[in-house]
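Participant: This is what each chain is made of:
There are 4 protein chains.
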Amino acid sequence: MKYQFDDSKKYDVIAVGRACIDLNAVEYNRPMEETMTFSKYVGGSPANIAIGTAKLGLKVGFVGKIPDDQHGRFIEQYMRNVGVDTSEMIVDKDGHKTGLAFTEIKSPDECSILMYRDQVADLYLQTDEINEDYIKNTKALVISGTALSQSPSREAILKTVQLARQHDVKIVFELDYRPYTWKTTEETAVYYQLVAEQANIVIGTRDEFDMLENHVGGENAATVTALFGHTPELIVIKHGVEGSYAYTKSGETFRGKAYMTKVLKTFGAGDSYASAFLYALITGESIETALKFGSASASIVVSKHSSSEAMPSVSEIEDLIAAQV
Amino acid sequence: MKYQFDDSKKYDVIAVGRACIDLNAVEYNRPMEETMTFSKYVGGSPANIAIGTAKLGLKVGFVGKIPDDQHGRFIEQYMRNVGVDTSEMIVDKDGHKTGLAFTEIKSPDECSILMYRDQVADLYLQTDEINEDYIKNTKALVISGTALSQSPSREAILKTVQLARQHDVKIVFELDYRPYTWKTTEETAVYYQLVAEQANIVIGTRDEFDMLENHVGGENAATVTALFGHTPELIVIKHGVEGSYAYTKSGETFRGKAYMTKVLKTFGAGDSYASAFLYALITGESIETALKFGSASASIVVSKHSSSEAMPSVSEIEDLIAAQV
Amino acid sequence: MKYQFDDSKKYDVIAVGRACIDLNAVEYNRPMEETMTFSKYVGGSPANIAIGTAKLGLKVGFVGKIPDDQHGRFIEQYMRNVGVDTSEMIVDKDGHKTGLAFTEIKSPDECSILMYRDQVADLYLQTDEINEDYIKNTKALVISGTALSQSPSREAILKTVQLARQHDVKIVFELDYRPYTWKTTEETAVYYQLVAEQANIVIGTRDEFDMLENHVGGENAATVTALFGHTPELIVIKHGVEGSYAYTKSGETFRGKAYMTKVLKTFGAGDSYASAFLYALITGESIETALKFGSASASIVVSKHSSSEAMPSVSEIEDLIAAQV
Amino acid sequence: MKYQFDDSKKYDVIAVGRACIDLNAVEYNRPMEETMTFSKYVGGSPANIAIGTAKLGLKVGFVGKIPDDQHGRFIEQYMRNVGVDTSEMIVDKDGHKTGLAFTEIKSPDECSILMYRDQVADLYLQTDEINEDYIKNTKALVISGTALSQSPSREAILKTVQLARQHDVKIVFELDYRPYTWKTTEETAVYYQLVAEQANIVIGTRDEFDMLENHVGGENAATVTALFGHTPELIVIKHGVEGSYAYTKSGETFRGKAYMTKVLKTFGAGDSYASAFLYALITGESIETALKFGSASASIVVSKHSSSEAMPSVSEIEDLIAAQV
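These protein sequence lines map, in sequence, to chains B, L, D and G.
Heads up: the first sequence runs through residues 1 to 325, numbered per the UniProt record's numbering.
Heads up: the second sequence runs through residues 1 to 325, numbered per the UniProt record's numbering.
Heads up: the third sequence runs through residues 1 to 325, numbered per the UniProt record's numbering.
Heads up: the fourth sequence runs through residues 1 to 325, numbered per the UniProt record's numbering.
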């Protein structure tokens, strides 16, 4: 089964939300206290998805706010260089900063992240900075859940959702839950519910769907039944190494398996999954194939040092799929 | 034409939002600088509607947050005494205050209000203070637009809307726009749009619908067409002395005229209108009759000193309607 | 013994800090919940002292910030009408409000106050709004402790103190402790200590000196010994109905008794005390006489309804002193 | 001429204020946008002075607040390992972060710093976290001007100053002006003036003394005359490559020259200057010698990659002094 997009749109994907800096430990297998050198990469879920889909060959744009400093300029240059349209990246003029993620790689299972998310520019995106003419010209609009965590970014996203609905743009809601910046889990559930009901495609881990429902231990069947009562047409629920499931409003269920790899670190998997899954869907592949693409892409990224720089090409993905039939 | 409610519900109306203190000038026809004495009344749009509908004989509850001080206790006692169920009024424990409105009555046309709305208790209502068992047991849930103006009250209201929809409670959205506490008109438009699309009945002045649409000079026809594409079934747009219009999803339009009166001050009209309009609708009167009830009730309140204390009885309303056929 | 001021200065007293609105219960002997009418007066310790000393005939100025609203204009007009120079009252342009004090008069011993002190204009006085040419032209500068409770008012006061010291203006520090707006008692102690060490005259209740020392149950002897190690020359410690003590750097101690009166309410006593005490000192009376003036003035104000309006004349004070020799 | 300290004290130096993380560009001679790797060092003026004086052999303690995260633990371990007593470093429990300074080394003259100073732990040091028994036991207490820039750190520092004065501890005020975190230059001037008047030794650049005086282009003669009217006994004013001046209350002036070096970057000079100057003063050297030590130490640090790690030993300093007689 395939999923239909509007082919008259100029862009394949526009991602909205944060673009940050990852500072990844150069030295592995030690706690961050003993890490003395860090490598700089672009990070942040929607930025990674924009980079990932652009590297796969899609026509991609990005909407977000970056600081007027060296880190902001690095982000814009990097994304532009990999082919993302950055004409709607807004430069913050109020002294806000880029978010930072210092990553520690203790062992393949034990990776912690030290976040700097106070007064970050991405959460200061404003409703009047959203360009309707830009938003309406994409097949898929990727919304990151974290962009809903604070005002005024929250309202900018809600407005983007309203514009997308008015212009028949498919809304892809990547739940992308991060505890920092949210005040309470009740607050998260309210906005996740609100936006999920208006999205066409919802992607998240089982834990993230539990956040949306504000309880633990939810069942996929109940989750998709509730959401299919509203706008959603396709729901992807990821269960880590057990694989992922795609549900359609018409009643089908597809299962995707996880690919084996030598894991270096655990972060970056979700963004590479979403990138490749969307790539396949938008290029007319079946949902089954899209699940394979997502899983294979995730496997490749967790074996490498960065999240953005490591985004694979189509042939790398296809090779892995072929190798582990 | 009549509007249907679910008669199995325990309450006729539950209003959600602010309950405040009005301090009305005792001396008339002078600027507030020269007013030396003020009378204390309960105020705030949803509190006034709760009081107004309770005085008309409906079974009414109220959900809101009041401070742990003398003004908070006065509000709870007053509302309880006029018959409002106050069991879900939450007492704030963080030192927030009741909002205040000092009113000046310079002349019938010239009334200004001096608001105290910093750190007010009503805007600190939290999602986890909303009782699902209470909300689900009312025919009509009255949501005040002002309660959307700040977090965490905003999220508490959004959750209330989600609960009402799950339990087939009719949502009445009183736009009740007040510029204070909103950061920008863009922000107002985002949340007004969001909640209006999910409400069953939307009531406001033409200016308030312009806020919802984020432009000036909107036309009723376009407004109702856009909203009827979503949940709304009945929309009331008020045009001051020119009367008001009710639109139904099935395509009917009803016009209500304004009643003549000796105006003392201009405030309080909207809340008394909503109270009597809802009373008529819920007691099975036609929409035409409900429009008359609303207008007559508004006329009575603007001729009196307070907003809450002045809420009329059914016979007062019927007498005025009969007198100005 | 007499205290010397610089007679070449244009003003006798300039008071710095808050000017607010008191809303006093019109109905007595009941809790505020049952009080339905309130009378409006100017309030706030330094405003009361400015009004009190102006009514006693001194040449008085006031430095402070008032809102751009009806309450702000009332305050300025009232103070100007009683003879206070208001040319250095700054009008706030950022939407801050006048502080409010709702007073309840349950019984002569039981009076509570409900304060509105969030985002009040007086605490937004800024360093660059302090006029050096004005400050340097007064015999006595009255600093209110409450003005130190928040930035930017805190810095404006510290700058005023620096200017006064540079220009040989006598600094009168009225401790005027109010728990609201201070974050911690440690914070209060730090700033009280800092300013008291630089003041010439320090006036407060025993409890307020305990705040300065950040412990309870302090002894006057230790308090004055510590402060006389710095700038202070005259210290007045008030012990309520037991009377008050004045200590001089040269080692003298004077005791003032309290005057009998029919108490209506307890507030307003401190400001009337300070007004009459300063009046006597500045007009060349002995410290003993100044203590009598302070106590008599306090007795008169607690027998009346307001704090500012009730400020007595010289003859009223002299009559009471003569009647209770 | 020599400066006297109280030899009965347990510590030579206790520094109070921030300890941060410097992330220094590994790649030189390029803008930060093109820097891809950063090395981690402890930074922050008072931490650097503590490290610098400890490495020179003094008995040193540190008072400050660090986050409960990997960066906080690294700072504490590093400082402890170089011999600083860290028993009074407070671990923040409210989620605040370590300040960060990303440094760019474009060329010897062109080095910019990108600061992260929002919600930093060091500015959350509280008055009740200051241990009087610790503070009273040092010959010299080094106060950093930046610690005055925000509450509650500001009050903690003011309390520390009060305690030091009560216990005959010499207060060394390092002006250490950084524009971030201060609201206005007026605010800076108020607190710099306040603390400088109570300090025994004041050290800063000419520009920093201009901040204290709130005007540009100040003259050293006027600056020292004004400050010697209060507590200060020794004032050091630095003029960059033109050298530095030390003024004593008794009227002497000493000039120190700058030492030639191959400059790698400009930051770190001030802290190494203060460390070596204080070391010389406390070990009984003359003021002339102390000026040499300060300048030589600064020259050494600007030729190396870090600020803290690069702090020189006594013999390195003596060698440079001997080499450039």
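Check the hints yourself; a few may be wrong.
[Unchecked claim] Calculated cross-link-like contacts (lysine-lysine; reagent style DSSO-like; alpha-carbon spacing at most 27 Å):
#	chain 1	residue 1	chain 2	residue 2
1	L	LYS93	D	LYS2
2	L	LYS93	G	LYS249
3	D	LYS10	B	LYS183
4	D	LYS183	L	LYS93
[As the list claims (entries may be wrong)] Short, incomplete list of chain G residues facing chain D, as computed with Cβ under 7 Å:
#	residue
5	ILE90
6	THR127
7	GLU129
8	GLU155
9	GLU186
[As the list claims (entries may be wrong)] Away from chain B, derived, C-beta distances all over 12 Å, residues of chain L:
#	residue
10	PRO31
11	ASP92
12	ASP319
In case anyone wonders, no lab produced these hints; they're calculated from the structure.
For glycine and all other residues, C-beta sits at the position ideal for the given N, C-alpha and C.
Participant: Give a verdict on every hint.
Facilitator: For each hint, the structure was consulted:
A threshold of 27 Å between alpha carbons decides the hint, and for LYS93 (chain L) with LYS2 (chain D) the separation of about 51 Å lies outside it, so the pair is violated. Taken as a hint, the LYS93 (chain L) and LYS249 (chain G) pair is broken in the structure, with Cα atoms around 56 Å apart against an allowance of 27 Å. Among the hinted pairs, LYS10 (chain D) with LYS183 (chain B) is inconsistent with the structure: their alpha-carbon atoms are about 56 Å apart, more than 27 Å. Pair hint LYS183 (chain D) plus LYS93 (chain L) holds up; C-alpha atoms about 17 Å apart against a cutoff of 27 Å.
A hinted interface residue such as ILE90 (chain G) counts as satisfied when its beta carbon comes closer than 7 Å to some beta carbon of chain D; here the least separation is about 15 Å, so the hint is violated. With a least beta-carbon distance of about 4 Å to chain D, the hint placing THR127 (chain G) at the interface is held under the 7 Å criterion. The interface hint given for GLU129 (chain G) is broken, as the beta carbon of that residue sits about 10 Å from the closest beta carbon of chain D, more than 7 Å. For GLU155 (chain G), the interface hint holds, the least distance from its beta-carbon to any beta-carbon of chain D being 5 Å, beneath 7 Å.
Against a cut-off of 7 Å between C-beta atoms, the interface hint on GLU186 (chain G) holds, since the closest Cβ of chain D lies about 4 Å away. Listed as outside the interface, PRO31 (chain L) is consistent with that label: its C-beta sits roughly 37 Å from the nearest C-beta of chain B, beyond the 12 Å cut-off. With a least CB separation of 17 Å from chain B, ASP92 (chain L) remains clear of the 12 Å interface cut-off, as annotated. Annotated as non-interface, ASP319 (chain L) keeps its C-beta farther than 12 Å from every C-beta of chain B; the closest such distance is 45 Å.
Checked against the numbered hints given earlier, this structure breaks hints 1, 2, 3, 5, 7; the rest are met.
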